[in-house]
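Q: Sequence:
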Amino acid sequence: MPTYILLTKLAPEATYQLKDRAKSSHDWYTHVKEKCPEVKFIAHYALLGQYDFLDIYEAPDEETAAKVSMISRAGGALYAESLIAIPHKRFLEITEELSEQYDSIFKSFMKKKRE
0 MPTYILLTKL APEATYQLKD RAKSSHDWYT HVKEKCPEVK FIAHYALLGQ YDFLDIYEAP
60 DEETAAKVSM ISRAGGALYA ESLIAIPHKR FLEITEELSE QYDSIFKSFM KKKRE
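The sequence shown begins at 0 in numbering that gives the first Met the number 0 and counts up by one.
Be careful, since some hints might not be right.
As the list claims (entries may be wrong) - Between beta-carbon pairs, the in silico distance windows are:
1. Glu-95 with Lys-18: 18 to 24 Å
2. Thr-29 with Asp-60: 18 to 24 Å
3. Leu-77 with Asp-102: 42 to 48 Å
4. Glu-57 with His-25: 18 to 24 Å
5. Gln-100 with Ser-24: 26 to 32 Å
6. Ser-24 with Phe-90: 30 to 36 Å
7. Lys-66 with Arg-113: 31 to 37 Å
8. Arg-20 with His-87: 14 to 20 Å
9. Ile-93 with Asp-26: 35 to 41 Å
10. Asp-19 with Phe-40: 17 to 23 Å
Said to hold, decoys possible - Simulated crosslink set (DSSO-like; lysine-lysine; CA at most 27 Å straight-line):
11. Lys-39 with Lys-111
12. Lys-32 with Lys-22
13. Lys-66 with Lys-106
14. Lys-66 with Lys-22
15. Lys-88 with Lys-111
Keep in mind that the hints were calculated from the coordinates and are not lab data.
Ideal placement from N, C-alpha and C gives every residue a C-beta, glycine not left out.
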């Protein structure tokens, strides 16, 4: 399954209730698992910086990833962004595949540009 990264920033009012943070987190996770049972969470981090949380998870497709973001927004997140993550080894394979194709195109383009 594809790997996704979810960056979440809580709405200010959600951060005022620190004593309820554990319950809110549990409720969010339960809701995601109810609506998207096929999602497999790999890691969940609290962040110090622009975002409050980072989740790494696997989902079968981008629609399921969108649901996870929407559930986060409905649960009090001011901002939720899902990103697709490509394993570095696969990224390098893609780069190699493209370089074989585009090296000749680039060389041809540069030759025409000099003429």
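Q: All the hints need checking, so say for each whether the structure fits it.
A: Structure-based check of all given hints:
1. Glu-95 with Lys-18: 18 to 24 Å: violated (52 Å)
2. Thr-29 with Asp-60: 18 to 24 Å: holds (22 Å)
3. Leu-77 with Asp-102: 42 to 48 Å: Given about 45 Å between the Cβ atoms, the range holds.
4. Glu-57 with His-25: 18 to 24 Å: holds (21 Å)
5. Gln-100 with Ser-24: 26 to 32 Å: violated (46 Å)
6. Ser-24 with Phe-90: 30 to 36 Å: Distance hint for Ser-24, Phe-90 holds at roughly 31 Å.
7. Lys-66 with Arg-113: 31 to 37 Å: violated (52 Å)
8. Arg-20 with His-87: 14 to 20 Å: violated (33 Å)
9. Ile-93 with Asp-26: 35 to 41 Å: With a Cβ separation near 39 Å, Ile-93 and Asp-26 satisfy 35 to 41 Å, so the hint holds.
10. Asp-19 with Phe-40: 17 to 23 Å: holds (21 Å)
11. Lys-39 with Lys-111: violated (50 Å)
12. Lys-32 with Lys-22: Given that 27 Å is the threshold and the Cα spacing comes to 15 Å, the pair holds.
13. Lys-66 with Lys-106: Since the Cα atoms of Lys-66 and Lys-106 sit roughly 44 Å apart, the hinted pair is violated (cutoff 27 Å).
14. Lys-66 with Lys-22: holds (21 Å)
15. Lys-88 with Lys-111: violated (34 Å)
The structure fails to meet hints 1, 5, 7, 8, 11, 13, 15 from the earlier list, while all remaining hints are met.
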